[in-house]
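Based on the provided sequences and hints, a complete structural model is requested.
Residue numbers (this note's numbering), protein chains in the order written: chain A, 1 to 165; chain B, 1 to 158.
FYI, nobody ran anything at the bench for these hints, they're computed from the structure. This structure is a prediction, so every number in the text was calculated from the model and none was measured. Ideal placement from N, C-alpha and C gives every residue a C-beta, glycine not left out. Treat the hints loosely; a few may be bogus.
[Unchecked claim] One side of the interface only, derived from the structure: several residues of chain A facing chain B at Cβ under 7 Å:
hint: 1; residue: Phe20
hint: 2; residue: Ile33
hint: 3; residue: Cys39
hint: 4; residue: Ser47
hint: 5; residue: Leu50
hint: 6; residue: Asp111
hint: 7; residue: Val112
hint: 8; residue: Lys114
[Claimed, not checked] Okay, the calculated beta carbon distance ranges per label pair:
hint: 9; chain 1: A; residue 1: Phe23; chain 2: B; residue 2: Ser116; range: 19 to 29 Å
hint: 10; chain 1: A; residue 1: Ile38; chain 2: B; residue 2: Arg70; range: 17 to 27 Å
hint: 11; chain 1: A; residue 1: Ile68; chain 2: B; residue 2: Met18; range: 11 to 21 Å
hint: 12; chain 1: A; residue 1: Leu62; chain 2: B; residue 2: Met18; range: 15 to 25 Å
hint: 13; chain 1: B; residue 1: Gly95; chain 2: A; residue 2: Leu62; range: 55 to 65 Å
hint: 14; chain 1: A; residue 1: Phe19; chain 2: B; residue 2: Leu117; range: 25 to 35 Å
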Amino acid sequence: MLKKVTFSKYLATFLYLIFFWLFLSGHYDIFHISIGIICCAGISYTSTELLFRYQPDKKRILIIIEFIVYSLWLLCQIVIANLQVARLVLSPKLKIDPRIVVYKSRYLKGDVAKAAYGNSITLTPGTVTLDIHGADFYVHALTPAFAKALKNGVMERKVAHIYHK
Amino acid sequence: MLTKVYENLIVQTVCRIMVPFIQVYALYVIAHGHYSPGGGFQGGVILTASLALIFLAFGQGAVLGRITRRMSIILCGFGVFIYAGIGLLCLLLGGNFLDYSQLAPILGVSIPRARSLGILGVEVGVGLAVMAAMYSIILDIAGSPAPGIDQLTPESKK
Numbered sequence: 001m002l003k004k005v006t007f008s009k010y011l012a013t014f015l016y017l018i019f020f021w022l023f024l025s026g027h028y029d030i031f032h033i034s035i036g037i038i039c040c041a042g043i044s045y046t047s048t049e050l051l052f053r054y055q056p057d058k059k060r061i062l063i064i065i066e067f068i069v070y071s072l073w074l075l076c077q078i079v080i081a082n083l084q085v086a087r088l089v090l091s092p093k094l095k096i097d098p099r100i101v102v103y104k105s106r107y108l109k110g111d112v113a114k115a116a117y118g119n120s121i122t123l124t125p126g127t128v129t130l131d132i133h134g135a136d137f138y139v140h141a142l143t144p145a146f147a148k149a150l151k152n153g154v155m156e157r158k159v160a161h162i163y164h165k
Numbered sequence: 001m002l003t004k005v006y007e008n009l010i011v012q013t014v015c016r017i018m019v020p021f022i023q024v025y026a027l028y029v030i031a032h033g034h035y036s037p038g039g040g041f042q043g044g045v046i047l048t049a050s051l052a053l054i055f056l057a058f059g060q061g062a063v064l065g066r067i068t069r070r071m072s073i074i075l076c077g078f079g080v081f082i083y084a085g086i087g088l089l090c091l092l093l094g095g096n097f098l099d100y101s102q103l104a105p106i107l108g109v110s111i112p113r114a115r116s117l118g119i120l121g122v123e124v125g126v127g128l129a130v131m132a133a134m135y136s137i138i139l140d141i142a143g144s145p146a147p148g149i150d151q152l153t154p155e156s157k158k
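This is the structure we're talking about:
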């Protein structure tokens with residue numbers, strides 16, 4: 001299992017996991033921390049190739065920073081879309097016209113970028129990613145307005161900016 | 001029986017990132033059983049859940065490449081061995097079965113500390129045994145018994 005894994009990837013996985021352990025455990029004494037170190041070392045040994053499977057195009061630290069910035073923007077989009085869906089669903093007329101559209105992405109390459117974009121679509125209410133085949137995203141949208149907002153491609157450009165140069 | 005691997009990009013990407021954190025959480029539950037809800041059985045089930053997640057996302061070949069059927073049976077027996085072994089050790093040292101205070105002179109700690117460490121030890125054994133047993137149950141229920149099963153390559157789509 002250590003054939004494809006360099007020590008720096010193992011160390012990065014170990015640091016992620018030990019940070020998670022310290023966040024979970026309220027006990028910061030030698031006994032519990034040493035248990036945490038042993039457990040995280042063992043899990044890092046078996047799971048590093050799960051976490052660091054692909055080599056990204058740009059530096060990982062830049063990706064992390066831009067991802068955090070993007071997630072703040074995404075939070076605003078979620079609030080806006082939530083209000084739209086709430087107004088739609090709570091009105092007595094219930095003007096929904098659900099449809100499945102195929103969105104062909106142009107800039108996204110690689111599994112993680114596409115999964116991030118698909119999850120962003122699902123997180124914003126009104127649209128749900130059903131499947132991804134190659135560059136095609138099969139999205140279920142509540143109204144034609146949501147489908148058109150998807151086709152604008154603003155979110156795709158932002159996600160592509162995170163993972164590709 | 002799941003012989004076909006349903007590949008879904010989002011499921012595979014998210015599951016493979018989540019599995020190490022789920023396993024850390026499971027070991028946290030086992031190690032902190034004395035303080036917060038948890039213990040051996042609960043942590044063992046969460047460990048099995050992480051393996052079941054790999055099974056669902058990547059297919060039987062991937063999960064058998066991590067822990068083979070043979071290894072799961074060995075682990076199950078090893079977990080029970082740890083539990084009964086600690087109990088018998090206390091018996092051999094002159095106390096009752098699972099009387100952890102007899103371990104105090106070996107470990108060099110006070111008697112309450114020895115009891116705490118003894119309980120942690122049996123919880124580790126229980127967690128291991130539970131993980132292996134539930135894992136083999138999942139494989140028996142949802143796996144396919146085709147020959148050459150303990151291989152690394154995923155099943156061909158039928």
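A quick look at each hint next to the structure:
For phenylalanine 20 of chain A, the interface hint holds, the least distance from its beta-carbon to any beta-carbon of chain B being 5 Å, beneath 7 Å. Annotation: isoleucine 33 of chain A was flagged as interfacial toward chain B, and the flag is violated, the nearest CB pair being 11 Å apart, outside 7 Å. Annotation: interface hint on cysteine 39 of chain A holds; nearest CB of chain B at approximately 4 Å, less than 7 Å. Annotation: serine 47 of chain A was flagged as interfacial toward chain B, and the flag holds, the nearest CB pair being 4 Å apart, inside 7 Å.
Annotation: leucine 50 of chain A was flagged as interfacial toward chain B, and the flag holds, the nearest CB pair being 5 Å apart, inside 7 Å. The interface hint given for aspartate 111 of chain A is met, as the beta carbon of that residue sits about 5 Å from the closest beta carbon of chain B, less than 7 Å. This hint holds: valine 112 of chain A has a C-beta 6 Å from the nearest C-beta of chain B, less than the 7 Å allowed. Interface restraint check: lysine 114 of chain A against chain B, minimum CB-CB distance 6 Å, threshold 7 Å, status holds.
Between phenylalanine 23 of chain A and serine 116 of chain B the CB atoms are about 24 Å apart, so this pair conforms to the stated range of 19 to 29 Å. For isoleucine 38 of chain A and arginine 70 of chain B, the hinted distance range of 17 to 27 Å is satisfied, since their beta carbons lie about 26 Å from each other. Between isoleucine 68 of chain A and methionine 18 of chain B, the C-beta spacing of about 19 Å keeps the proposed range 11 to 21 Å intact. Taking the beta carbon of each, leucine 62 of chain A and methionine 18 of chain B are about 23 Å apart, inside 15 to 25 Å as hinted.
Between glycine 95 of chain B and leucine 62 of chain A, the C-beta spacing of about 60 Å keeps the proposed range 55 to 65 Å intact. In this structure the supplied range 25 to 35 Å holds for phenylalanine 19 of chain A paired with leucine 117 of chain B, their Cβ-Cβ distance being about 26 Å.
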